[in-house]
Amino acid sequence: MPRTKTVWRSITGAVALSALVALAPSPASAKTEIQFWHAMTGQLGDATNELVRQFNESQSEYEVKPLRKGTYPETLTAAIAAYRQRQAPNIVQVFEAGTQTMMLSGAVHPVYQLFKEQEIAMDWKDFIAPVVGYYSKDGNLYSMPFNSSTPIFYYNKDVFQKAGLDPAKPPQTWKQVEEYSKKIIASGAAKCGFSTGWPSWTMVENMHAWHDQPFATRRNGFDGLDVQLLINKEFGVKHVSQLAAWQKDNVYSYGGRTGTADPKFVNGECAMYIQSSALIGGFTRGVKFAWGSGQLPHWGPPYAKATSIIGGATLWIMKGKPANENRGTAKFLKFISETNQQMWWHVTTGYLAISNSAVKNLEAGYHFKKNPDQWTAFAQLTRGKATANSQGLRLGNFVQIRDVIESELENIFAGKKTAKQGLDDAVAKSNDLLKEFAAANKQ
Amino acid sequence: MQRTVFRSWWLPYVLVFPQMAVTMIFFFWPALKSLQLSLYRVSPFGDSMTFVGLGNFTKLLADPEYYRSVVNSLVFAAGVTVLAVAGALVLAALATQKIRGLAAYRTLLLWPYGIAPPVAGIIFLFIFHPTYGVLPYFLSFVTAYEFNWLLKGWVALTLVIAATAWTHLGYNIAFFIAGLLAIPGAVMEAADVDGAGPVRRFRSIVFPLVSPITFYLVVLNMVFAFFESFGVIDAVTKGGPGDATMIMVYKLYKDGFIGLNLGSSGAQSVILMALVIGLTMLQFRFAEKKVTYR
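For the record, the sequence lines run as chains A and B.
To convert, count from 1 in the first sequence and add 61; that's this note's numbering.
To convert, count from 1 in the second sequence and add 904; that's this note's numbering.
Treat the hints as calculated values from the structure; they're not laboratory data.
Wrong hints could be hidden among the right ones.
Below, simulated DSS-like cross-link-like pairs (lysine-lysine); rule was C-alpha separation at most 30 Å, straight line [unchecked claim]: (1) B:Lys1142 x A:Lys496; (2) A:Lys299 x B:Lys937; (3) A:Lys130 x B:Lys1142.
Excised from the complex, chain A in its bound form (with noise of 0.2 Å):
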């Protein structure tokens, strides 16, 4: 039996061996480090951190490090805080409402003059203007495109052929989205007629847009801070009032914010659905029935047809960061915005292909004629008549006037106040938030 004098020395001794062995320093690391904080989740997590992988075995100088930080509010959240202690990420993505907030906050990077910076060449022109047209300034480039999304329209093709309509003609018009709706309800086929996701998004952004209505002043605030709302003039309460009519027969049914209805089209509860393109590789991979795609309901004369709007999110770089950090950034940027790369995200994830050339690549290897789904959100995009109101939104507290907006909208589907009602005080609410806006960015 070791005497305790000796047992003691040994563990003393190994103790000691294990922590010189984890100090000792490490073969120093020659990549350099580039934080890149986001919000993607599920498979798209997944295509994220695929995408990162295959730019760091593309070379040996840099590592990007993708992280989650949270839903997109969050993650816009934690990147302020961790500003603010001077510790912010390289990259962070930040959603299209945050858009104003990062161009005027000082704190941002823009991508055009990074890549001045670091001399390397890009080719703006490439980019589709929907997209370039809602991050540029005076036709430069603030932030770099990674997610964009347009709304379309989903249809359940089993519930159709059950109810008697084609399963290949999905409704045009606004009126038909009714028609079809009582009928399939009348056949039992459904529930419900059609149900909506991210419901300011689609109900109201991009209704003005496609109907070629201003959604606010000053060309959707793209012109100035001094902007005022004008969602509660004559189309804005018609479509509202509608919505509000058909949610009392359950032609429509709402279902929540951001994603909550989701469930409502996926286990066949509402025939119909409302909701951003970026669904379509879920919704290939999950849903049970056949289902096709079109373009948004229109109602038709006399409102013109323009186009939708995109959603989603860019990539933002934080400013004070080191020049060889910045260099890495710079790379990677180019490096998802490369054809191949732009190709393999568009058919992974069903978001759109930012470049012409990457579109036409995809053209000219019928991925079009195979995944037509595609096409419905990529031609609902560039191929309408884009007009002053359907180019986007430029608005600062987007956040909060989202909140308002669809926080009235559920006043006015429970009924509690009329759609004039509910519109008039949304934009009294959110003027006055953009007039706060306007005084905390007096430039």
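Given the coordinates of chain A, work out where chain B should sit on it, guided by the hints.
This is chain B only, laid out in the frame that chain A set:
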């Protein structure tokens, strides 16, 4: 009460220091920072701070939405407190009978307290959500009335009150069981002999004797309902529908962290703190008189 005497003059300070440090760093410092923030208009990224004096406060007090959130908070706090305290007293009375498996029942009654509020919220979501919840599915076979709390405000408020009260039941039950067991059996037997029925016994003996505990729990539950209810609301309704479940602490989070208006958020937290301190002082002044201390 005996006074503890330490032999070394520095030992008491050393022992108290860690707790004081934690309280200073995690409570007083942030509170002072909030107070400071409430007097400024801050840009999200912190690069500009303009002094606006009481501007944030006047804006809040002129906002009807803010008053609605105060009313919602009061209704919510009252609902949670009544439900959690009364419910706990009843369950504790049941858990002090001489029945088989008493230990098991007590454990099961106390368990929900260990569940984090967001988890409780998610559980309630899976039971009650109009789209994918279990209960609406079964209810649809019984009644045509849609308890769709995505649209009906009062249903949403009832749901979050019930969920929050449920999570806090365990804590209250533990205290009440202790209180009930402390009632001397002789008193109860004497009352029984005198012909007092169970209701009379409860009213005249049990309730006054547990009143110190009841008072303590009412104060605590009320404070908890104002501050710690954030988790359930965030997991279940996020302040909706409309602003039916927008309580003060959730509005404060939404304006500050989602809306990035840190000045207003700071002002709201100052008002919330003042409100709860006021309510607690009121309770100590008036309700404590009714408490029978032994």
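Status of the hints after comparison with the structure:
no.	hint	verdict
1	B:Lys1142 x A:Lys496	holds (26 Å)
2	A:Lys299 x B:Lys937	violated (47 Å)
3	A:Lys130 x B:Lys1142	holds (19 Å)
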